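Asks: Heads up: the sequence lines are chains A and B, in that order.
Letter by letter, the first sequence follows residues 1 to 191 of the numbering used here.
Letter by letter, the second sequence follows residues 1 to 632 of the numbering used here.
Hints were generated in silico from the structure; no laboratory data involved.
Please note: incorrect hints may appear among the correct ones.
Computed list of chain B residues with no C-beta within reach of chain A, every gap over 10 Å [said to hold, decoys possible]:
| hint | residue |
| --- | --- |
| 1 | Thr-30 |
| 2 | Met-124 |
| 3 | Gly-187 |
| 4 | Trp-195 |
| 5 | Arg-225 |
| 6 | Gly-307 |
| 7 | Ser-327 |
| 8 | Arg-362 |
| 9 | Pro-363 |
| 10 | Ala-403 |
| 11 | Phe-454 |
| 12 | Pro-479 |
| 13 | Ile-572 |
| 14 | Ile-573 |
Interface residues of chain A toward chain B, partial, derived using beta-carbon atoms under 7 Å [to be verified]:
| hint | residue |
| --- | --- |
| 15 | Lys-34 |
| 16 | Ile-39 |
| 17 | Gly-77 |
| 18 | Asp-112 |
| 19 | Ala-115 |
| 20 | Val-117 |
| 21 | Leu-129 |
Since this is a predicted model, take the numbers as computed values, not measurements.
No residue lacks a Cβ here, since even glycine has one placed at the ideal position from N, Cα and C.
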Amino acid sequence: MSKNIILCGVGGQGTILASRLIATAAMDKGIPIKTAETIGMAQRGGSVFSHVRIGEGTNSPLIGKGEVDLIIGFEPGETVRQLPFLKKGGAVVVSSRPVMPVSAMIGQSHYDADAMVEYLKANVEHLTLVDADKAAEELGSAKVLNVVLLGAALRSGELGLGEEDLENAIREKVPEKFLELNKKALAWSRE
Amino acid sequence: MHKEFLMGNEAIALGALAAGVNLVSGYPGTPSTEVLETIAKRNPGNVYVEWSINEKAGMEVAAGAAYAGARALVTMKQVGLNVASDPLMSLEYIGVKGGMVVLVADDPGPISSQTEQDTRTFGMFSKVPVFDPASVSEAYEMIQEAFDFSEKYGTPVFFRATTRVDHGYEALEVKDPEEYYVNKPEGFVKDPSRWVIFPRLSVKNHALIEKRNAELKTVLSGYYRNQIIKESADGCRKGIATQGVNFMYTLDSLHGRNARVLRVATPFPFPEKLALEFLEGLDEVLCVEELDPVIERALIFTCGKYGLNVKIRGKMTGDIPPSGENSMEIVGNALTGFLGEAEDTAAGSGNALPQPPALPVRPPVLCAGCPHRASFYAVKAAMRGKKTIYCGDIGCYTLGNAAPLDMCDTCLCMGAGIGIAQGVGHIEPNTKCFAFVGDSTFFASGITGTVNAFYNQADMTLVVLDNSTTAMTGHQPHPGTGRTVMGQVVEKVSIEKVLRAIGLTVVETVDPLDFALSVETVKRVAAEPGVKAIIFRSPCIAITKPKGRSHVDPNKCIGCGKCIRELGCPAIILDSDGKKAKIDTSMCTGCTLCEQICPVKAISGGTKNDTAAAGNSTNDTVASDPKGGRHE
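Turn these sequences into a full structure, and let the hints guide you.
Replies: Below is the structure:
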């Protein structure tokens, strides 16, 4: 089994921790794992992505266009940006909550997030929309969006890992006092 | 041995520890920073580690250690090598006793740099051998080999990785500390004929270096990481020569197509003998590489030297883009252009997508609550209507160039803003010239420029943006912070005292989050003659805890949009009706800048960092001693 995954969003949203959790879960199961991250200036509110490759038979840390099994999108516009990487029949799990760029707030650019969601609905068969506002309200924190999305990714069937694998990874990587919150976040999309 | 999931830079650091490195120095810079940080974190206790004030200092410290027989590592990004080039150029003539590895992280793209310079070319220029790893797991092994090689041939070596190796991650087997090689330095042995560079020694050593490097072409042809992957079927007339992560892109993009592959792990000295073996019987070669056409030139040279009729293609023939980072798509398309379509391809099975709506435009911005925003806004407000130039520098504050602040008219390299402000002032005496420099950059390369401006009678305002850390690269300590990477608490170097010691008489320190006081200070200081300085001191929001969050009273907000339009803070958005301002509390740090500029006082709830410059907000022009110690 091998899986190619892209996580994408805006710098500061927690994409790196999410890819770290996937990698930890894979490594604990003895599955080969490679990732490539955006680190540096783009972390200051720019577009960021992680490429994650699970399984045998790959050399490159970057994934080619049309080769991705699953996109985990933290933001609708950023997900549309990465869509050319998705393979036919691939899955997309996306938070519908937009992050408005400063350039759009001061009128220097235009960003219509609803149009992005409509575009995703029209062009992705296997689409899971995650209501990030509802999740934040019910969980009492907006900071666990990354784990909420991982839970939804799990349920898409394209992650190549089990719920228990991710729970173990969370136990390894997340501080004790946030453990309960993260476990709830992982389970949130079950309802 | 045990298994770990490691970033490339972490793997390089653990490889250096496994090779028994005794001393590690460097200056932070993306994508190199995590190497030294990991050494500090995983230090078995016997390694000296320092963040040097710049790359030149780091290079010299490492050279001294290697003179004494230590294994030394110095780390930097590619543009840092320019700063360190003076000692390195001479060091190659002198040589080393202990193994010395110069780790340089190149940045194709560039993703976080000013230039797309290629350290492989620098290797040729400086005559220093270059190792070029292709993956995270290989980098772990290769750096150990680089130390052995350096020690064996008595020369510093470059270990040149690029972003996708530095910032890639893999799960790999690494040694336990008990398995690390132990290098016991012999100590420095006095010998002026060896360690003191004079023209006579230089000409003698130059000849020896050329002889050695010529021999290394053959030696390195036998280095197992320089390799030929044979064609999958007979009758192959095409070859691909590649390097670094492009080797990985090539392997994943061949999809069964028949081609001979040469992977070059040591671009300098070029493994000529191996290259001849590779070229044997080929009609054409495509060179797949990033940055300079190093392999392409070496193969053209080899063909010329041996009279081979092989067409060499690559960047210089337009088959590979001349600039920017390669991707799987670029390499895949280049291979298809060169070899024809693959019969069996996993790629290209993506959806045919219609044109998407306009994608969000996201240049990086200053964080919500960043004190630099307040500093820039205060200078802008104070100088409104005056003819000004704002010379920026390298750091988070380069982001002050973005709208709506628009407060960075020039940016060149570390410390250059000071000299540029001076130079503009000599030509345009009526322009108010400002140079903005961060605290870490001031220590790295701002002091000499300040002395130059002061002594040569410049008229300019130096603005030091002191956020008490090296923020852009992930909060490394510097001489103003009072702690070292080894955890010692030490005497700080005071920026105020340095400036006064140079001779500046107007040096004022102010908290930029006090907007009115900041504007008043800028107006007063900028009106003084000569070189004068303002130190805006407020800690980076990433190293302090927010004390409150601002919120907008919708009954008071008149929807004038001033806070959004003038500050460009990512935490200030519009409410659901799109009329009034609203604060995104997940980002707000309660810096209160928006509260202070709201014309109807509709925003409240933040708390100014009460320990910030309050104690240091000296309006005096006599010696001000910063109390500092704000984040112990």
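Asks: Could you run down the list of hints and mark each one as holding or not?
Replies: Results for each hint:
no.	hint	verdict
1	Thr-30	violated (4 Å)
2	Met-124	holds (27 Å)
3	Gly-187	holds (39 Å)
4	Trp-195	holds (39 Å)
5	Arg-225	holds (15 Å)
6	Gly-307	holds (35 Å)
7	Ser-327	violated (6 Å)
8	Arg-362	violated (5 Å)
9	Pro-363	violated (7 Å)
10	Ala-403	violated (6 Å)
11	Phe-454	holds (32 Å)
12	Pro-479	holds (24 Å)
13	Ile-572	violated (7 Å)
14	Ile-573	violated (6 Å)
15	Lys-34	holds (5 Å)
16	Ile-39	holds (5 Å)
17	Gly-77	holds (4 Å)
18	Asp-112	holds (6 Å)
19	Ala-115	holds (4 Å)
20	Val-117	violated (10 Å)
21	Leu-129	violated (17 Å)
Of the numbered hints given earlier, the model fails hints 1, 7, 8, 9, 10, 13, 14, 20 and 21; all others are met.
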